[in-house]
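K.L.:
So the protein sequences, as listed, match chains P and W. Following this note's numbering, the numbering of the first sequence begins with 3 at its first residue and continues without gaps. Following this note's numbering, the numbering of the second sequence begins with 3 at its first residue and continues without gaps.
The set of hints was computed from the structure by calculation and includes no laboratory data. Every value quoted in this text rests on a predicted model; they were computed, and no experiment measured them. Treat the hints with care, since some could be wrong.
Stated by the list, open to error - Calculated Cβ distances over 12 Å to all of chain P for the following chain W residues:
no. : residue
1   : Asp13
2   : His49
3   : Gly77
4   : Gly87
5   : Thr125
Stated by the list, open to error - Taking beta-carbon pairs under 10 Å as the criterion, some of the chain W residues facing chain P (in silico):
no. : residue
6   : Arg18
7   : Thr21
8   : Phe111
9   : Phe205
10  : Asp206
11  : Leu215
12  : Asn218
13  : Gly220
14  : Ala223
15  : Phe236
16  : Lys242
Using N, Cα and C, we set each Cβ at its ideal position, and we do this for glycine too.
Number of protein chains: 2
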Amino acid sequence: MRFTSEQRLDDGVLEREFTLGDIPGILWTSGSAPAPLILIGHNGGLHKRESRLVARARHYAARYGHAVAAIDHPGHGDRPRSAAGEQARADLRRAMAAGEPVDGILESFVAPLVDTAVPEWRTTLDALLSLPEIGGPVGYSGMTAVGIRLAAAEPRISAAGFFAGGYVPRAQREEARQVTVPVLFLLQWDDEGNDRQRALDLFDAFGTEEKTLHANMGGHAGTPWFEVDDGARFFARHLK
Amino acid sequence: MRFTSEQRLDDGVLEREFTLGDIPGILWTSGSAPAPLILIGHNGGLHKRESRLVARARHYAARYGHAVAAIDHPGHGDRPRSAAGEQARADLRRAMAAGEPVDGILESFVAPLVDTAVPEWRTTLDALLSLPEIGGPVGYSGMTAVGIRLAAAEPRISAAGFFAGGYVPRAQREEARQVTVPVLFLLQWDDEGNDRQRALDLFDAFGTEEKTLHANMGGHAGTPWFEVDDGARFFARHLK
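Here chain P stands alone, though its shape is the one from the complex (with noise of 0.2 Å):
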């Protein structure tokens, strides 16, 4: 892991760049103490520069102490494109635009993201967690199906924060059964992409039984600002 850029908000924040071979990422910290991380996982194509999830990420170092990272997975951010990847992007919009179904672009696209990203956020786990600053344990907050794969196939992630707007693959919403830490789970309830009945089976689906369901009104992009804080309350009461 080597850190390519540092500067010192006027939160008191510190904001690093980092590449770890080809994955390149953000590390938001508040103190020299060992902290609970938080993964950001952000989804389709943002970047993890995306101004709500650096607010978001900003706030959880400041005002709570957490340490929290983002990285670019193949394809999304400061990477670079695959032509499969621009091609399915291209068929969505012209599907979207026809009133197509649009189910079979998404697992085409968003099934393989799972596969890559995964271990990427491993290996991106393994060198955080040598950095003394970074303590333990780790909570995962995001997009809903790499943050499934992830919760239920590594056992370092101790909570996870999931984000129900966004294609959940066909083998993750089998692999919600398997994810058996806390989650909170947030759900915009008219979402304009996202079926709301698939959103409230994918809650059922999950195997823990510590599980909380936040839905507020609006569209996709309309999650209430005091969100963040209950999501920080989450970690905090699982982070320990």
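Knowing the structure of chain P, use the given hints to seat chain W on it.
P.N.:
The following block gives chain W in isolation, referenced to the frame of chain P:
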């Protein structure tokens, strides 16, 4: 309003019993400065002294500085039972034991309870708001059926937390559309006596755009304690 007892509890909260005409109640306060008021509504067979209700009221007062009040409705708690009410309870027990539908029986005694409880809450509110240590604004927290009517009819209610475990009469399922204050709706995912889909439909029906659903695992009485704090923070956001 006549105070009939007063004691300072070990958490510093002042607990006063009162009567207002036929209505017996309890008021919990933690200071002399005008505080927001939370009305705690309880249901069915419960008493204003029920242990979880009292723990919640004292926590709101001690930790968040809210004034909190609970009253016993006609036929509940300290008040005389009616023959009709006792008959309905006996019918309910018999129907439940026989595995028969209970909606009709519940409708027959919850609907009249709403009709009598709401005017009593409004009278109680008049009296409480005349006390110097209560400044408003006012929130309602508890039984859904009474709370919907109260929040729809009473402009002094600024936010409402509803517990989805309990029968909601047909009239209140309609009146839910008239609830336009912020709502926090608390659902036990596997509540034995309450239909999950009906609860989700009710959440969908509330007329406010500022509503949040919190669902947790387990049965009717299994609401986790952290929801008490979540509720307090919901009120702190809206009772200003």
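K.L.:
Decide, hint by hint, whether the structure agrees.
P.N.:
Hints, one by one, checked against the model:
1. No Cβ of chain P comes within 12 Å of the Cβ of Asp13 (chain W); the nearest lies about 22 Å off, and the non-interface call holds.
2. Its beta-carbon lying about 29 Å from the closest one in chain P, His49 (chain W) satisfies the requirement of being farther than 12 Å from that chain.
3. Even its closest Cβ contact with chain P, about 35 Å, leaves Gly77 (chain W) beyond 12 Å, as expected for a residue assigned away from the interface.
4. Look at Gly87 (chain W): its CB is around 35 Å from the nearest CB on chain P, clear of 12 Å, so calling it non-interface holds up.
5. Its beta-carbon lying about 33 Å from the closest one in chain P, Thr125 (chain W) satisfies the requirement of being farther than 12 Å from that chain.
6. The interface hint given for Arg18 (chain W) is violated, since its Cβ lies 32 Å from the closest Cβ of chain P, which is over the 10 Å cut-off.
7. Interface hint at Thr21 (chain W): violated, since its Cβ lies 39 Å from the closest Cβ of chain P, which is beyond the 10 Å cut-off.
8. The beta carbon of Phe111 (chain W) is not positioned within 10 Å of any beta carbon in chain P (closest approach about 31 Å), and the interface hint is therefore violated.
9. Interface hint at Phe205 (chain W): satisfied, since its Cβ lies 7 Å from the closest Cβ of chain P, which is below the 10 Å cut-off.
10. Because the closest C-beta pair between Asp206 (chain W) and chain P is about 8 Å apart, less than 10 Å, the hint holds.
11. At its closest, the beta carbon of Leu215 (chain W) sits 4 Å from a beta carbon of chain P; the interface hint therefore holds under the 10 Å criterion.
12. Against a cut-off of 10 Å between C-beta atoms, the interface hint on Asn218 (chain W) holds, since the closest Cβ of chain P lies about 5 Å away.
13. For Gly220 (chain W), the interface hint holds, since its Cβ comes within 10 Å of a Cβ in chain P; the closest pair sits about 8 Å apart.
14. Violation of the interface hint for Ala223 (chain W) is found here, the shortest Cβ-Cβ separation to chain P being roughly 15 Å, above the 10 Å cut-off.
15. Interface restraint check for Phe236 (chain W): the shortest CB-CB distance to chain P comes to about 8 Å, inside 10 Å, so the restraint holds.
16. Violation of the interface hint for Lys242 (chain W) is found here, the shortest Cβ-Cβ separation to chain P being roughly 14 Å, above the 10 Å cut-off.
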